[in-house]
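K.L.:
Based on the hints, put chain P in the right spot on chain B.
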Amino acid sequence: AQSVTQLGSHVSVSEGALVLLRCNYSSSVPPYLFWYVQYPNQGLQLLLKYTSAATLVKGINGFEAEFKKSETSFHLTKPSAHMSDAAEYFCAVSPYSSASKIIFGSGTRLSIRP
Amino acid sequence: GAVVSQHPSWVICKSGTSVKIECRSLDFQATTMFWYRQFPKQSLMLMATSNEGSKATYEQGVEKDKFLINHASLTLSTLTVTSAHPEDSSFYICSARVQGVSGANVLTFGAGSRLTVL
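Chain order of the listed sequences is B and P.
Count the first sequence with my numbering and you get residues 19 to 132, in order.
Count the second sequence with my numbering and you get residues 777 to 894, in order.
One should not assume that every hint holds.
[Stated by the list, open to error] Residues from chain P that face chain B, not an exhaustive set, calculated with beta carbons under 8 Å: (1) Leu820; (2) Leu822; (3) Ser865; (4) Ile869; (5) Val882; (6) Leu883; (7) Phe885; (8) Gly886; (9) Ala887; (10) Gly888; (11) Arg890.
[As the list claims (entries may be wrong)] Result set (SDA-like, lysine to any residue): computed pairs, CA atoms no more than 25 Å apart in a straight line: (12) B:Lys86 <-> B:Gly26; (13) P:Lys817 <-> B:Tyr57; (14) P:Lys840 <-> P:Asp864; (15) P:Lys796 <-> P:Ser785; (16) P:Lys831 <-> P:Val779; (17) P:Lys796 <-> P:Thr854; (18) P:Lys817 <-> B:Asn79; (19) B:Lys119 <-> P:Ser791; (20) B:Lys119 <-> P:Thr854; (21) P:Lys817 <-> B:Met101; (22) B:Lys87 <-> B:Val47; (23) P:Lys842 <-> B:Asn59; (24) P:Lys817 <-> B:Leu66; (25) P:Lys831 <-> P:Phe804; (26) B:Lys76 <-> B:Ser91; (27) P:Lys840 <-> P:Ser794; (28) P:Lys796 <-> B:Ala105; (29) P:Lys817 <-> B:Ala104; (30) B:Lys119 <-> P:Glu839; (31) P:Lys796 <-> P:Tyr834; (32) P:Lys840 <-> P:Ser865; (33) P:Lys817 <-> B:Ala105; (34) P:Lys842 <-> P:Pro816; (35) B:Lys86 <-> B:Lys119; (36) P:Lys831 <-> B:Pro113; (37) B:Lys119 <-> P:His783; (38) P:Lys817 <-> B:Val29; (39) P:Lys817 <-> B:Ala72.
Simulated from the structure, these hints should not be mistaken for lab results.
Cβ atoms here follow ideal geometry from the backbone N, Cα and C, with glycine treated the same way.
Pulled out of the complex, with its shape left as it was, chain B reads as follows:
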């Protein structure tokens, strides 16, 4: 079985500060890992994905995430937060050989202080 755990349901940072959203996964097989962002009353937008290529994955809007197998982590970072980054962020895992279900974490709400 696969699962993801997002530490911290709410993270607040100042504009211009580092953003760090934590995600740990559990998987018995090499996983595909994803970060999605959701703005209010909207669907999810893919930020980035890990597909067993480079461990440091760069995504849209200046976000990146690093796959660390030894720590079973896939934390999302951005060097400098913008007000427009305020949203809900979901980490997700998919089985390596499956073509179906993706399992989402519980989400982390990111707030940006002026």
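P.N.:
Quick look at chain P alone, frame taken from chain B:
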């Protein structure tokens, strides 16, 4: 890129009526679509997997007679909430699986449909 359109984005209905939500893949064919339900400030819960030309696969605890899914074409899946009640009020989101160049399963999501049952 791949776009999934969901309609309506907002719907209010009376208790006991049925509501249909459409999910369309605009520029690609989707043999498989997924329907999620999201309660306020919570994650997405997979309700069912919609397969073109065959019956949907429902997750445990989801009433298939309550949430009717039809995937009659390669670009359209519909979710019908039958005899809706206030507890069915929620944000419903669909997604379609797109095969990426690397082979990963990338989901493209619709913008969601907020259902309010009075």
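K.L.:
Now look at each hint and say whether the structure bears it out.
P.N.:
Now the hints, each set against the structure:
Using the Cβ-Cβ criterion of 8 Å, the hint placing Leu820 (chain P) at the interface with chain B is satisfied: the shortest such distance is roughly 5 Å. For Leu822 (chain P), the shortest C-beta to C-beta distance to chain B is roughly 6 Å, which falls under 8 Å, so the interface hint holds. A cut of 8 Å between beta carbons decides the hint on Ser865 (chain P): the least distance to chain B is about 14 Å, and the hint is violated. The criterion of a C-beta within 8 Å of any C-beta in chain B is met by Ile869 (chain P), whose closest approach is roughly 5 Å, and the hint holds.
Against a cut-off of 8 Å between C-beta atoms, the interface hint on Val882 (chain P) holds, since the closest Cβ of chain B lies about 6 Å away. The restraint placing Leu883 (chain P) at the interface with chain B holds, with a minimum CB-CB distance near 6 Å, inside the 8 Å limit. Here the hint on Phe885 (chain P) is kept, as its CB sits about 4 Å from the closest CB of chain B, short of 8 Å. With a cut of 8 Å, the hint placing Gly886 (chain P) at the interface with chain B holds, because the nearest CB-to-CB distance is about 5 Å.
Nearest Cβ of chain B to the Cβ of Ala887 (chain P): about 5 Å, under the 8 Å cut. The hint holds. With a cut of 8 Å, the hint placing Gly888 (chain P) at the interface with chain B holds, because the nearest CB-to-CB distance is about 5 Å. With a least beta-carbon distance of about 7 Å to chain B, the hint placing Arg890 (chain P) at the interface is held under the 8 Å criterion. A threshold of 25 Å between alpha carbons decides the hint, and for Lys86 (chain B) with Gly26 (chain B) the separation of about 19 Å falls inside it, so the pair holds.
For the given pair, Lys817 (chain P) sits about 12 Å from Tyr57 (chain B) by alpha-carbon distance, which is consistent with the 25 Å threshold. Of the pairs offered as hints, the one joining Lys840 (chain P) and Asp864 (chain P) holds, with about 14 Å between alpha carbons and a cut-off of 25 Å not exceeded. With a CA separation close to 11 Å, the supplied pair Lys796 (chain P) and Ser785 (chain P) stays within the 25 Å bound. With a C-alpha separation of about 24 Å, the suggested pairing of Lys831 (chain P) with Val779 (chain P) holds against the 25 Å cut-off.
The straight-line distance between the Cα atoms of Lys796 (chain P) and Thr854 (chain P) is roughly 7 Å, inside the 25 Å bound, and the hint therefore holds. Note on Lys817 (chain P) and Asn79 (chain B): the hinted pairing holds, with a Cα-Cα distance of about 23 Å set against a maximum of 25 Å. Simply put, Lys119 (chain B) and Ser791 (chain P) have alpha-carbon atoms about 32 Å apart, too far for the 25 Å limit, and the pair is violated. At most 25 Å may separate the alpha-carbon atoms for a hinted pair to count; Lys119 (chain B) and Thr854 (chain P) meet this at roughly 19 Å.
Our distance criterion of 25 Å between C-alpha atoms is met by Lys817 (chain P) and Met101 (chain B), whose separation comes to about 20 Å. For the suggested pair Lys87 (chain B) and Val47 (chain B), the alpha carbons sit about 11 Å apart, so the restraint of at most 25 Å is met. For the hint pairing Lys842 (chain P) with Asn59 (chain B), the CA-to-CA distance comes to about 24 Å; that is within 25 Å, so the pair holds. For the given pair, Lys817 (chain P) sits about 22 Å from Leu66 (chain B) by alpha-carbon distance, which is consistent with the 25 Å threshold.
A C-alpha spacing of about 21 Å is found between Lys831 (chain P) and Phe804 (chain P), which places the hinted pair at or below 25 Å, so the restraint holds. Between Lys76 (chain B) and Ser91 (chain B) the alpha-carbon distance is near 16 Å, which keeps this suggested pair within the 25 Å criterion. Between Lys840 (chain P) and Ser794 (chain P) the CA atoms are separated by roughly 14 Å; this keeps the pair inside 25 Å, and the hint holds. Proximity of Lys796 (chain P) to Ala105 (chain B) is assessed by CA-CA distance (about 28 Å); at most 25 Å being required, the pair is judged violated.
Simply put, Lys817 (chain P) and Ala104 (chain B) have alpha-carbon atoms about 14 Å apart, close enough for the 25 Å limit, and the pair holds. The suggested pairing of Lys119 (chain B) with Glu839 (chain P) holds, with an alpha-carbon distance near 19 Å, which does not exceed 25 Å. Simply put, Lys796 (chain P) and Tyr834 (chain P) have alpha-carbon atoms about 17 Å apart, close enough for the 25 Å limit, and the pair holds. Our distance criterion of 25 Å between C-alpha atoms is met by Lys840 (chain P) and Ser865 (chain P), whose separation comes to about 17 Å.
With a C-alpha separation of about 11 Å, the suggested pair Lys817 (chain P) and Ala105 (chain B) falls inside the 25 Å cut-off, and the hint holds. For the hint pairing Lys842 (chain P) with Pro816 (chain P), the CA-to-CA distance comes to about 21 Å; that is within 25 Å, so the pair holds. At most 25 Å may separate the alpha-carbon atoms for a hinted pair to count; Lys86 (chain B) and Lys119 (chain B) meet this at roughly 23 Å. Of the pairs offered as hints, the one joining Lys831 (chain P) and Pro113 (chain B) holds, with about 23 Å between alpha carbons and a cut-off of 25 Å not exceeded.
Between the alpha carbons of Lys119 (chain B) and His783 (chain P) the distance comes to roughly 23 Å, so the proposed pair stays at or under 25 Å and holds. A hinted pair counts as satisfied when its Cα atoms are at most 25 Å apart, and Lys817 (chain P) with Val29 (chain B) qualifies at roughly 14 Å. The straight-line distance between the Cα atoms of Lys817 (chain P) and Ala72 (chain B) is roughly 32 Å, outside the 25 Å bound, and the hint therefore fails.
Checked against the numbered hints above, the structure violates hints 3, 19, 28 and 39; every other hint is satisfied.
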